[in-house]
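A.B. asks: Sequence:
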Amino acid sequence: MSEEFLNQDVRYVKGVGEKRADVWADAHGVRTVRDLLHFYPRRYLDRTTVTPVGRLQESPDPVTVVGTVQSTSVVPGKNQKRFELILQGEQGGRMKCTWFQGVWWVRKAFEEGDQVAFHGKVEKYGRWFSMTHPDFDTLNDEGALLDTGRIVPLYPGGEAMSNVGLTSRSVRRILYTLFKEHGLKLKETLPDWMVETYDLMEGRVALRAIHFPKSQAELADAKRRLKFEELFYIQLLLAQMRQEQEEVAGPAFEDPDEHTRTFVREVLPFELTGAQKRSLRQVIEDTQSGVQMNRLLQGDVGSGKTVVAVAAMMHAYDSGYQSAFMAPTELLAEQHYQNLTEYLRPMGLMPHLLVGGQPKSEREAILKDLKEGRAPVAVGTHALIQDEVEFNNLGLAVVDEQHRFGVAQRAEMFEKGTQPHMLLMTATPIPRSLAMTLYGDLDVSKIDEMPPGRKPVETRLRAEKRRGEVYAFLRDRLEQGEQAYVVYPLVEESEKMDLKDAESGAEDLQEQFPDFTVGLAHGQLPSDQTEQTMQRFKAGEIDILVATTVIEVGVDVPNATVMMIEHAERFGLSQLHQLRGRVGRSDQQSYCILMAGYKRSQEAKQRLQAMVRTNDGFEISETDLQIRGAGDFFGTRQSGMPDLKIADITEDTEILEDARDAAFTLVEQDPHLRADEHEHLRHRYEDSYAEHGLGFARVG
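Quick note: the sequence shown uses the numbering used here, first residue 1, plus one each step.
It is worth saying that the hints were derived from the structure and are not from the lab.
All residues carry an ideal CB built from backbone N, CA and C; glycine is no exception.
Among the hints, a few may not be true.
[As the list claims (entries may be wrong)] Taking lysine-lysine pairs in the BS3-like style, the calculated list, with each CA pair at most 27 Å apart, reads:
id, residue 1, residue 2
1, Lys-538, Lys-96
2, Lys-360, Lys-371
3, Lys-108, Lys-96
4, Lys-14, Lys-187
[Said to hold, decoys possible] FRET-style restraints, in silico, Cβ to Cβ:
id, residue 1, residue 2, range
5, Ser-59, Gly-29, 27 to 35 Å
6, Glu-541, Glu-342, 43 to 51 Å
7, Glu-123, Asn-79, 51 to 59 Å
8, Arg-55, Gly-102, 28 to 36 Å
9, Glu-159, Arg-363, 41 to 49 Å
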């Protein structure tokens, strides 16, 4: 099957047509013959996996049932109508299905006598076993298919699809005809050595088997092959980007000299941890290689990433280069500026701060110092990458909390100077499988030790009935001269949710603790007011800071030892861990108190248990990825990463590692994919994946 045919508009496929093609493209992105072949079933109906209606039991896991529609009705209710359907099981028994949304559309989808498969969780209400808003597929005229024990693919649908007759049944017919007429013309895209080395099913067989499997074993092999292929092309993209980077010359730093050694041995009041030394060594090796560095430095809040970055900047200074340190907010930039000033002053150096709102004369003086090379280190927000900012000899760019910058902003920093070395820092530990996919073109350094003297934050889960006990504990800490954060998920009260908001919470706390000062910071206040409040908290003028997640990445307040999170079940795991990282910033014992309601989803329970179980950000991130899945995990939606249709990096880590190994081996053997045996692979790659290379994970 030629590339030309695979790229042909799907409307010309037998059984599709213009109207169906338009709907298919809008609903599921199916525009070409290739898209159609990769329009995978969302699940399969196998006689061995169907639960008889007469044997239903309550279960947290979804089940599939098949039966005949006995009756349907729209039932009036106090607040809203609902649609109810009674299903008669093939071997006896009845079940009720209920919809509270889309009532009129669902009503049109069924007629009495229809044979239907339902898929969902079973609950018991009174005498009825019931499913609410189940997935369903109409199976009329398909009894023969089911009775012969075949595995029947069920496809993604929706109202728009149904309206043009694109049901699972019609999709099966379209695909069956396509395979019958053109299946044997499908070409193998992966080279023979790869298929053999990784024990993969032949490509065209896998595509047929994913739609029309002859057995569960064949289906499993088909899934493995298609997952491998999908992950392989993404890894090939990263492997080629890595190679391109290795061909980009970067400033060649000299051996670390006076300022680097003085900073590490004399200025720092502590010895670097083993993880910090390892990370710094990796950075130094990169910056001396003559090839541009693209390194991601990841580690928990408080693990000492900034210290490694400052040592790297001193190495740049010793080598005759300037450094830039970019933070996502002015508040953070100012905090870094203050910290860097303390570090650099003993060596007779001063950083320059460039943020918005500076007096014109001050700004012009800073710009002149940067251009003429008198500023060794510049600290700022995205103001550092504006056109008017010119560096004399920029050799190192450090980007803090890199995931809060857009790819384009990081790329602009990348263009400053003569291909400066890039050190990207994140306090959101990234699971290994996600790092291999999102940051596979970067080198990764990991700080997985906390500085000596830091005590792990004690995390406690408390219910509302123990609030008095929690307040007594909080009072005790405040009387010891310590400070506390109290974080709320909302700013103003919501009528629909019984959640205390930050503003009323601040009022309540001031009443509870009249002898102490309560401050309020949230995203709806003017930014200068929020920054002023947070600076007052840092200065010790405020005892309790009531806030929303505006403080998730915020000022460093070593005297704050209590982080109390209201309605903790409403927060994501990564967010909870980031908030906990606001305390435990000194050698004082710190505490994180999770106030949670009794009504908790299964996911919320998992999140809260993980917080109590461990302080390890890397373990937290793995748990978070398992709970949420890769699609919603930090960064992936904005990364530019091609969508995964069948692979799941949460579950397919072994396949991912094989695919990565294959891609990097291939690029090593044939960097530009010019060998004859790689022709079909090259066409497939260029057609579907190469376009993602621009900007995708380029500089984080």
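A.B. asks: Now tell me if each hint is right for this structure.
C.D. replies: Hints versus structure:
Restraint check: the Cα-Cα separation between Lys-538 and Lys-96 comes to about 59 Å, which exceeds 27 Å; the hinted pair is violated. For the suggested pair Lys-360 and Lys-371, the alpha carbons sit about 16 Å apart, so the restraint of at most 27 Å is met. For the proposed pair Lys-108 and Lys-96, the alpha carbon gap of about 17 Å is at most 27 Å, so the pair holds. Distance restraint check for Lys-14 and Lys-187: the Cα-Cα separation of roughly 21 Å lies within the 27 Å cut-off, and the hinted pair is therefore satisfied.
Checked against the given bound of 27 to 35 Å, the beta carbons of Ser-59 and Gly-29, roughly 33 Å apart, stay inside it. Judged by the Cβ atoms, the range 43 to 51 Å given for Glu-541 and Glu-342 is violated: they are separated by roughly 21 Å. Between Glu-123 and Asn-79 the C-beta distance comes to about 20 Å, which lies outside the given range of 51 to 59 Å. Arg-55 and Gly-102 have their C-beta atoms about 29 Å apart, which keeps the hinted 28 to 36 Å range intact.
Between Glu-159 and Arg-363 the CB atoms are about 56 Å apart, so this pair departs from the stated range of 41 to 49 Å.
The structure does not agree with the numbered hints 1, 6, 7, 9 stated previously, though it agrees with the rest.
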